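K.L.:
Sequence:
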Amino acid sequence: MYSKILLKLVQESSIPAFGLLVMKILLTIFYARSLGYNVDLYNVFSLQVSQSDYTLITSNVILGFVIFTFLGLAYCLVKSLFFHNSHISPKVSLSIFNLRIGYLIQDSFHLFSQTFIWMLFNFSVLFITVLLYLLGLIYGSVLLMSVVLCLVGMYFFVLDIEFEYRKSLEEGEEVFIL
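Just so we're aligned: the sequence shown equals residues 0 to 177 in numbering that gives the first Met the number 0.
Hints were generated in silico from the structure; no laboratory data involved. These numbers come from a predicted model, not from an experiment. For glycine and all other residues, C-beta sits at the position ideal for the given N, C-alpha and C. Just so you know, not all the hints are guaranteed correct.
Derived CB-CB ranges, DEER-like [claimed, not checked]:
{"no.": "1", "residue 1": "L143", "residue 2": "L20", "range": "21 to 29 Å"}
{"no.": "2", "residue 1": "K3", "residue 2": "H86", "range": "17 to 25 Å"}
{"no.": "3", "residue 1": "F108", "residue 2": "L20", "range": "24 to 32 Å"}
{"no.": "4", "residue 1": "G139", "residue 2": "L98", "range": "37 to 45 Å"}
{"no.": "5", "residue 1": "Y53", "residue 2": "V21", "range": "16 to 24 Å"}
{"no.": "6", "residue 1": "Y53", "residue 2": "F126", "range": "17 to 25 Å"}
{"no.": "7", "residue 1": "V43", "residue 2": "L98", "range": "24 to 32 Å"}
{"no.": "8", "residue 1": "L70", "residue 2": "K3", "range": "23 to 31 Å"}
{"no.": "9", "residue 1": "D39", "residue 2": "Y164", "range": "25 to 33 Å"}
{"no.": "10", "residue 1": "P89", "residue 2": "S33", "range": "49 to 57 Å"}
{"no.": "11", "residue 1": "F108", "residue 2": "S140", "range": "23 to 31 Å"}
{"no.": "12", "residue 1": "G135", "residue 2": "Y164", "range": "26 to 34 Å"}
{"no.": "13", "residue 1": "S45", "residue 2": "D106", "range": "29 to 37 Å"}
The list that follows gives simulated cross-link-like pairs (lysine-lysine, DSS-like), each with its CA atoms no further than 27 Å apart [what the hints assert, rightly or not]:
{"no.": "14", "residue 1": "K78", "residue 2": "K90"}
{"no.": "15", "residue 1": "K166", "residue 2": "K90"}
{"no.": "16", "residue 1": "K78", "residue 2": "K7"}
{"no.": "17", "residue 1": "K90", "residue 2": "K3"}
{"no.": "18", "residue 1": "K166", "residue 2": "K3"}
Could you put together the complete structure from these sequences and hints?
P.N.:
Structure (structure tokens):
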């Protein structure tokens, strides 16, 4: 009744969503307290600060979002580029299982669904960053870092897809392009 792909994407999106929520709360509390505001878990979403402090807090929180989503995407891309079950050598595979980190070796379905979700969160943060910059609520350097990290992540994602496409053509497998 439910699509296997849709269920997998919803399952994979829970970690980034929860991580961003926790990061929003913790970074807001940290930066507001460092500026001298009395903030705790109960008033973190209704904090009243000056415009300059709001810009500083929001810029730092968004920068944390950008770094968090990029690190999640980088983790998935490293797994995809180096630990993909279709192109890992038996010697490396044996070493990984001897180190008891065999969970790093995954198939295309799991790797691409994880990477797609992190890429989607990366683009969502980029979109929010652009909107906040246009409204004058964050610094331009945060926008620049968000654009650069998003483009770097997208480049390596496309590079991995291209590698998988070429490998499947060499093996004579049937390739579907959507």
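K.L.:
Need the list of violated hint numbers for this structure, in ascending order.
P.N.:
7, 9, 11, 12, 13 and 17
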